[in-house]
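Enquirer: Sequence:
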Amino acid sequence: MICALCPRACRVDRDAARGFCGMGGEVVVARAAPHYWEEPCIAGYGGAGTVFFSGCSLRCVYCQNQVISGGRVGRPVTVDRLRQIYRELIDEGGVHNIELVTGTHFIPQIAESLDPRPEVPVVWNSGGYELPSSLRLLAGKVQVYLPDLKYMDPALAGRYSAAPDYPERAVAAIHEMLRQVGAPVFDDEGLLVSGVLIRHLILPGQLDNTLDVIDAVSAFPKGSVLFSLMSQYTPPADVSLPDALNRRVTREEYERAVDYMYLCGIEDGYVQDLSSAQAQYTPDFDLTGVDGKEGQTS
0 MICALCPRAC RVDRDAARGF CGMGGEVVVA RAAPHYWEEP CIAGYGGAGT VFFSGCSLRC
60 VYCQNQVISG GRVGRPVTVD RLRQIYRELI DEGGVHNIEL VTGTHFIPQI AESLDPRPEV
120 PVVWNSGGYE LPSSLRLLAG KVQVYLPDLK YMDPALAGRY SAAPDYPERA VAAIHEMLRQ
180 VGAPVFDDEG LLVSGVLIRH LILPGQLDNT LDVIDAVSAF PKGSVLFSLM SQYTPPADVS
240 LPDALNRRVT REEYERAVDY MYLCGIEDGY VQDLSSAQAQ YTPDFDLTGV DGKEGQTS
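Under numbering that gives the first Met the number 0, think of the first position of the sequence shown as 0, with each following residue one higher.
Keep in mind that the hints were calculated from the coordinates and are not lab data.
Predicted model only: the values in this text are computed from it and were never measured.
Heads up, some of the hints might be wrong.
Between beta-carbon pairs, the in silico distance windows are [what the hints assert, rightly or not]:
1. E25 - H174: 28 to 34 Å
2. P115 - P241: 42 to 48 Å
3. D12 - P39: 41 to 47 Å
Pairs of lysine to aspartate or glutamate residues, derived as EDC-like cross-links and limited to a Cα-Cα distance of at most 16 Å, are as follows [what the hints assert, rightly or not]:
4. K140 - E118
5. K221 - D267
6. K140 - D114
7. K140 - E175
8. K221 - E266
9. K140 - E111
Note that the Cβ used here is the ideal one computed from N, Cα and C, for glycine as well.
Use the sequences and the hints to build the structure in full.
Expert: Quick look at the structure:
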C-alpha cells in the first residue's frame with residue numbers, strides 16, 4: 000500500500016519497503032498482556048488488555064519504548080490472529096478493555112480486526128500525531144481515546160520528536176476523537192466506557208511547554224475531556240539525550256504544573272504523583288501473548 004496514514008504521508012509502498020514508521024505491510028505486535036499501570040479508570044482492578052504494536056511515526060529522543068518504536072522487537076500477525084489475541088485477553092486475562100498502543104500505522108488492519116467489535120470497550124492509546132481522516136476508520140469501533148498531547152511548542156516538537164507540525168496535528172486529531180465518542184461516560188465501577196482522556200508527560204526543563212498544553216486542554220468545553228498530568232519521565236538508559244533530558248522532573252516543576260492546572264479550572268482527570276518516575280512502568284517487550292513463542296523480527 001502507498002502509505003499516507005499519518006501526518007508524515009511518506010508515500011512509501013509498504014508492501015515493498017518500510018515507511019517512516021519503520022514498518023512494512025504486515026501488522027507487528029511486541030506484547031499482548033494485562034497492564035495495570037494505566038489511569039484507574041482504564042486499568043481498574045483487572046488491568047487493561049494491552050496490545051503493543053511495533054513501529055512509530057514519531058522520533059521522540061526520550062522514548063521509553065525504544066525497542067518497539069524502532070521496530071527492533073515484534074512478530075507479524077494476521078488480522079485473524081489479532082482477533083484471537085483480543086479474545087484471549089478477555090477470556091483468560093479477565094481485562095476490562097482492549098487497549099491498542101501505537102497502532103496508527105496499522106489503522107486499516109486494526110479497524111478490520113475490530114469487526115465484530117469486542118464486548119469490552121476498545122481503548123486507542125496513541126502519541127496524538129494522527130490524521131482525522133485515518134481516525135475516521137475507527138469510528139464506532141473505538142470507545143475510549145487515550146492520546147498524548149506532548150507539545151504546543153512547534154520548535155520543541157521538532158527538536159525532540161522530529162515533528163514541528165505536532166501541535167496542530169494533535170489538536171485536530173483530538174477534536175476528531177471527541178467528535179466520535181463525546182463526553183466521558185463511566186460505568187458503576189468507575190471505569191471509563193467512552194470518552195477522551197488526554198495525557199501529558201511533563202518534561203524536565205520544559206515547564207513553559209507544559210503550561211501551554213494545559214492552556215490548550217482548558218480550551219476544550221468544560222466536561223468534554225479528561226486530563227492526565229504525568230510526572231513519570233525517566234531518562235532512558237543507553238540513549239544519548241540533550242542535557243535537559245538527562246534528569247527527572249523536579250519538585251518545583253511538578254508543583255508549578257499542578258498548581259497551574261487547577262488555576263485553569265481543570266478538575267476532571269488525574270495527577271500522577273512525583274514518585275511515579277520509575278522504570279517499572281515500562282513492561283518487558285518479550286512477545287508475551289503474541290503467539291507463545293520467542294523471537295524477533297528481522
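Enquirer: Indicate, hint by hint, whether the structure satisfies it.
Expert: Status of the hints after comparison with the structure:
1. E25 - H174: 28 to 34 Å: With a Cβ separation near 31 Å, E25 and H174 satisfy 28 to 34 Å, so the hint holds.
2. P115 - P241: 42 to 48 Å: 46 Å, holds
3. D12 - P39: 41 to 47 Å: 43 Å, holds
4. K140 - E118: Cα-Cα ~11 Å, so holds.
5. K221 - D267: Distance ~9 Å between K221 and D267 Cα, so the pair holds.
6. K140 - D114: 8 Å, holds
7. K140 - E175: Answer holds: K140 to E175 is near 14 Å, not above 16 Å.
8. K221 - E266: 9 Å, holds
9. K140 - E111: This hinted pair holds, its Cα atoms lying about 9 Å apart.
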